[in-house]
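Visitor: These are the residues of each chain, in order.
Number of protein chains: 2
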Amino acid sequence: MKITSQELYQKLIEDEKITTVQGKMSFSLGSVNMVVKQHDVVGNIMQEWLKNWMFEKGIEFAENDNLQMPPDFYLNPDDKTENLLEVKAFYCGRGPGFDIAGFTPFLKELINKPYVLNTDYLIFSYDVDGNGNVIIKDLWLKKIWNITRRSKNFALNFQVKANVIHKIRPGIWYRGDFNSQKYKEFECPEDFISAVNYAALNDSATQQLSNGWIGRFVNSYKDHYGVRLNIPQWQEIQEKYDLSDQHEYNKTVKVIEKLTHRKANESEKLEKNNDKLNKMNTDTKTRQQLESTISKRERCIEEYNRQLTVLTEKVNALKVKLDRWN
Amino acid sequence: MKITSQELYQKLIEDEKITTVQGKMSFSLGSVNMVVKQHDVVGNIMQEWLKNWMFEKGIEFAENDNLQMPPDFYLNPDDKTENLLEVKAFYCGRGPGFDIAGFTPFLKELINKPYVLNTDYLIFSYDVDGNGNVIIKDLWLKKIWNITRRSKNFALNFQVKANVIHKIRPGIWYRGDFNSQKYKEFECPEDFISAVNYAALNDSATQQLSNGWIGRFVNSYKDHYGVRLNIPQWQEIQEKYDLSDQHEYNKTVKVIEKLTHRKANESEKLEKNNDKLNKMNTDTKTRQQLESTISKRERCIEEYNRQLTVLTEKVNALKVKLDRWN
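Chains as they are written, first to last, in this note's numbering: chain D, 23 to 348; chain Y, 23 to 348.
In case anyone wonders, no lab produced these hints; they're calculated from the structure.
Since the structure is predicted, the reported quantities are computational estimates derived from the model, not experimental observations.
Be a bit skeptical, because a hint or two may be false.
In silico DSS-like links for lysine-lysine, alpha-carbon gap of 27 Å or less [stated by the list, open to error]:
hint, chain 1, residue 1, chain 2, residue 2
1, D, Lys59, D, Lys39
2, D, Lys336, D, Lys285
3, Y, Lys189, D, Lys183
4, Y, Lys46, D, Lys59
5, Y, Lys73, Y, Lys135
6, Y, Lys24, Y, Lys79
7, Y, Lys59, D, Lys39
8, Y, Lys301, Y, Lys273
9, D, Lys183, Y, Lys24
10, D, Lys59, Y, Lys244
11, Y, Lys294, Y, Lys164
12, Y, Lys130, D, Lys183
13, Y, Lys102, D, Lys59
14, D, Lys59, Y, Lys135
15, Y, Lys301, Y, Lys341
16, Y, Lys130, Y, Lys165
17, D, Lys174, Y, Lys273
Here are the computed distance ranges between Cβ atoms for each label pair [claimed, not checked]:
hint, chain 1, residue 1, chain 2, residue 2, range
18, Y, Lys165, D, Val57, 45 to 51 Å
19, D, Lys33, Y, Asp101, 56 to 62 Å
20, Y, Gln230, D, Lys39, 23 to 29 Å
21, Y, Ile157, D, Lys165, 53 to 59 Å
22, D, Ser226, Y, Gln230, 54 to 60 Å
23, D, Asn98, Y, Glu209, 21 to 27 Å
24, Y, Gln230, D, Gln32, 54 to 60 Å
25, D, Asp87, Y, Asp151, 39 to 45 Å
26, Y, Arg328, D, Val186, 52 to 58 Å
Listing some non-contacts, in silico: residues in chain Y with all C-beta distances to chain D over 12 Å [stated by the list, open to error]:
hint, residue
27, Gln28
28, Gln60
29, Trp75
30, Phe146
31, Tyr196
32, Val275
33, Glu325
Note that CB positions come from ideal geometry on N, CA and C, so glycine has one too.
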């Protein structure tokens with residue numbers, strides 16, 4: 023039976039109910055028969071598990087001879103240009119730290135096989151409890167641009183060792199509010215390719231390869247799909263993926279809310295003080311004290327108004343900046 | 023029960039008969055119940071296996087909180103300066119590629135805890151057959167200097183990425199004849215420390231740390247063991263670990279054996295020819311032919327003698343060089 027990546031994903035979620043089942047790994051050798059509790063190990067075998075699962079379910083597939091490059095599986099063994107499936111797994115306690123591909127071979131692969139760009143990433147997040155029970159916490163089917171992002175120093179998030187670029191690494195695509203992330207994942211293949219090109223041009227190891235790379239890729243992609251991708255300049259889009267304006271906007275909105283709340287409180291108290299004053303005898307010591315309190319409250323509200331004006335201007339300016347990308 | 027590393031090794035070999043048993047790793051999740059055939063995985067869990075084994079056998083141990091540094095286990099939980107045990111495992115089809123330690127932390131550790139030098143390395147070599155059967159092919163108990171060696175560019179065998187030193191890596195200590203190895207493992211802790219010191223002095227990342235390192239280590243070791251180690255200069259011993267003279271010696275000895283054998287063959291034939299000549303009539307055509315053959319054989323033997331003289335001189339000179347280290 024031939025199925026697409028999307029159908030396979032649905033089957034795992036709905037038929038297999040993969041996010042509700044509980045698994046176990048065991049190892050027996052000599053006099054020891056044990057449950058394996060090490061979580062590193064599970065990540066290594068989910069690909070083997072999926073292979074067994076597809077086999078049992080009668081799903082057709084072919085494996086990739088090149089173990090270093092995506093995909094792991096071809097779901098259409100008769101046409102290895104479509105329904106490419108890459109399997110990844112990570113321990114939920116640590117976040118996705120898997121390698122996507124070595125940068126140089128990936129650049130070459132995209133030119134020779136532009137359809138590799140559309141590989142589907144089937145990603146398992148798993149937990150292993152204290153008794154060694156393996157639980158699939160989450161399962162995603164993603165394109166490469168959905169799980170990758172820029173970093174501080176590079177247009178892509180790389181594994182960097184001693185200033186040398188090694189592998190492309192994923193971002194954390196599943197934190198919906200992005201609150202703790204500085205950069206967000208790419209929105210479309212065009213922006214991803216723009217980042218790939220910019221990173222290649224700016225790394226000494228890939229400089230030669232990057233010469234004319236973008237043109238060759240776009241042509242190769244057009245030859246295959248009949249569509250000419252319109253790749254933007256990285257400089258024009260890089261700010262879109264920098265979440266610092268968004269974070270600043272969110273933070274400022276929260277401060278405005280807080281100040282507005284305090285101002286309302288203060289205004290309420292002022293009103294009560296004024297009521298009390300109106301009902302009071304003239305020229306007592308208590309009256310003098312109350313007048314002083316009222317004056318303080320009025321100055322406080324003035325200060326809140328001043329701050330709120332500044333912050334509202336700031337928030338409006340940030341909104342204009344952010345709206346560029348919408 | 024408290025036992026030493028050596029006793030633990032004996033117990034594994036003799037009581038557990040570890041090199042004869044057969045193991046299996048299995049993983050069940052959802053509708054799949056499978057035997058894990060991936061050999062990477064076994065290496066990761068032999069430490070966990072040993073922990074379970076020690077627990078079952080009632081052997082006392084404590085674990086190291088620092089997962090990055092040797093040892094994995096303290097076999098004497100009351101005195102963490104003796105019977106330190108590090109567990110390593112590698113797939114026999116690929117040879118030992120495990121990391122021993124990061125170089126910089128290792129340098130620091132040796133000064134603070136000089137007894138780490140005497141950590142025992144319990145090393146499993148395993149095979150996984152096509153059916154997923156795990157077999158322990160070999161088990162060693164080694165000191166760090168027994169499993170490490172120099173390399174072409176460094177005094178130690180390092181994992182080097184983009185010219186930067188990362189981890190200390192083992193040599194292949196178990197090929198008895200060294201025929202395919204260019205460098206041999208260290209013979210004693212002093213030579214190993216000499217190499218560590220030289221490597222530290224010659225790497226930019228450790229240069230500051232290497233300043234006075236050897237003195238601090240020797241003092242620290244003396245404080246702990248009451249023995250002052252006599253560390254040789256690396257320049258004085260590095261040739262001892264270069265096997266190229268030894269390889270040249272072995273090769274030349276083999277050529278001498280071959281030529282000696284051929285010369286003996288030729289001499290035997292010459293003797294027969296001479297016998298035949300003595301019994302022959304004078305001045306026949308056959309006699310002339312035989313005389314010509316005899317003359318050829320004599321010249322051939324002369325040439326063998328000339329070559330053997332040259333090679334014997336070479337072999338003697340190499341022997342003198344090699345004998346320096348014995």
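Visitor: Does each hint fit the structure? Answer for all of them.
Guide: Comparing the hints with the structure gives:
1. Distance check on the hinted pair: Lys59/D and Lys39/D sit about 23 Å apart at the alpha-carbon level, within 27 Å; holds.
2. Distance check on the hinted pair: Lys336/D and Lys285/D sit about 19 Å apart at the alpha-carbon level, within 27 Å; holds.
3. Taking the CA atoms of Lys189/Y and Lys183/D, the gap is about 13 Å. The hint holds against a cut of 27 Å.
4. The suggested pairing of Lys46/Y with Lys59/D holds, with an alpha-carbon distance near 16 Å, which does not exceed 27 Å.
5. For the suggested pair Lys73/Y and Lys135/Y, the alpha carbons sit about 24 Å apart, so the restraint of at most 27 Å is met.
6. For the suggested pair Lys24/Y and Lys79/Y, the alpha carbons sit about 11 Å apart, so the restraint of at most 27 Å is met.
7. Note on Lys59/Y and Lys39/D: the hinted pairing holds, with a Cα-Cα distance of about 25 Å set against a maximum of 27 Å.
8. Under the criterion of a C-alpha separation no larger than 27 Å, the hint pairing Lys301/Y with Lys273/Y is inconsistent with the structure, at around 43 Å.
9. At most 27 Å may separate the alpha-carbon atoms for a hinted pair to count; Lys183/D and Lys24/Y exceed this at roughly 43 Å.
10. Taken as a hint, the Lys59/D and Lys244/Y pair is broken in the structure, with Cα atoms around 41 Å apart against an allowance of 27 Å.
11. In summary, the hint linking Lys294/Y to Lys164/Y is not supported, as the alpha carbons are separated by about 58 Å, beyond the 27 Å threshold.
12. Restraint check: the Cα-Cα separation between Lys130/Y and Lys183/D comes to about 21 Å, which is no more than 27 Å; the hinted pair holds.
13. Annotation: proposed proximity of Lys102/Y to Lys59/D holds, straight-line Cα distance about 26 Å (limit 27 Å).
14. For the given pair, Lys59/D sits about 30 Å from Lys135/Y by alpha-carbon distance, which is inconsistent with the 27 Å threshold.
15. Using a Cα cut-off of 27 Å, the hinted pair Lys301/Y and Lys341/Y is violated, with the two alpha carbons roughly 47 Å apart.
16. Only pairs whose Cα atoms come within 27 Å are accepted, and Lys130/Y paired with Lys165/Y is accepted, the gap being roughly 19 Å.
17. At roughly 57 Å between alpha-carbon atoms, Lys174/D and Lys273/Y are farther apart than 27 Å, so this suggested pair is violated.
18. A hinted range of 45 to 51 Å is violated for the C-beta pair Lys165/Y and Val57/D, which are about 33 Å apart.
19. Remark: the range hint 56 to 62 Å for Lys33/D to Asp101/Y is upheld by a beta-carbon distance near 57 Å.
20. Taking 23 to 29 Å as the suggested C-beta distance range, the pair Gln230/Y and Lys39/D does not conform, at roughly 57 Å.
21. Here the CB-CB span from Ile157/Y to Lys165/D is close to 42 Å, at odds with the stated 53 to 59 Å.
22. Separation of Ser226/D from Gln230/Y is about 27 Å and departs from the stated range, judged on CB atoms against 54 to 60 Å.
23. Between Asn98/D and Glu209/Y the C-beta distance comes to about 59 Å, which lies outside the given range of 21 to 27 Å.
24. Our hint of 54 to 60 Å for Gln230/Y and Gln32/D holds, since their Cβ atoms are close to 58 Å apart.
25. Distance hint for Asp87/D and Asp151/Y: a CB-CB separation of about 22 Å, inconsistent with the stated range 39 to 45 Å.
26. Under the hint 52 to 58 Å, the C-beta atoms of Arg328/Y and Val186/D, about 55 Å apart, fit the expected range.
27. With a cut of 12 Å on Cβ distances, Gln28/Y stays outside the contact zone with chain D, its closest approach being about 19 Å.
28. For Gln60/Y, the shortest C-beta to C-beta distance to chain D comes to about 6 Å, within the 12 Å cut-off, and the non-interface label is violated.
29. With a closest Cβ-Cβ approach of about 5 Å to chain D, Trp75/Y is found to fall inside the 12 Å limit, against its non-interface label.
30. With a minimum CB-CB distance of about 10 Å to chain D, Phe146/Y fails to clear the 12 Å threshold, and the non-interface call is violated.
31. No beta-carbon of chain D is positioned within 12 Å of the beta-carbon of Tyr196/Y; the least distance is around 21 Å.
32. Listed as a non-interface residue, Val275/Y keeps its Cβ farther than 12 Å from every Cβ of chain D; the least gap is roughly 43 Å.
33. Every CB of chain D is more than 12 Å from the CB of Glu325/Y (nearest about 54 Å), matching its label as outside the interface.
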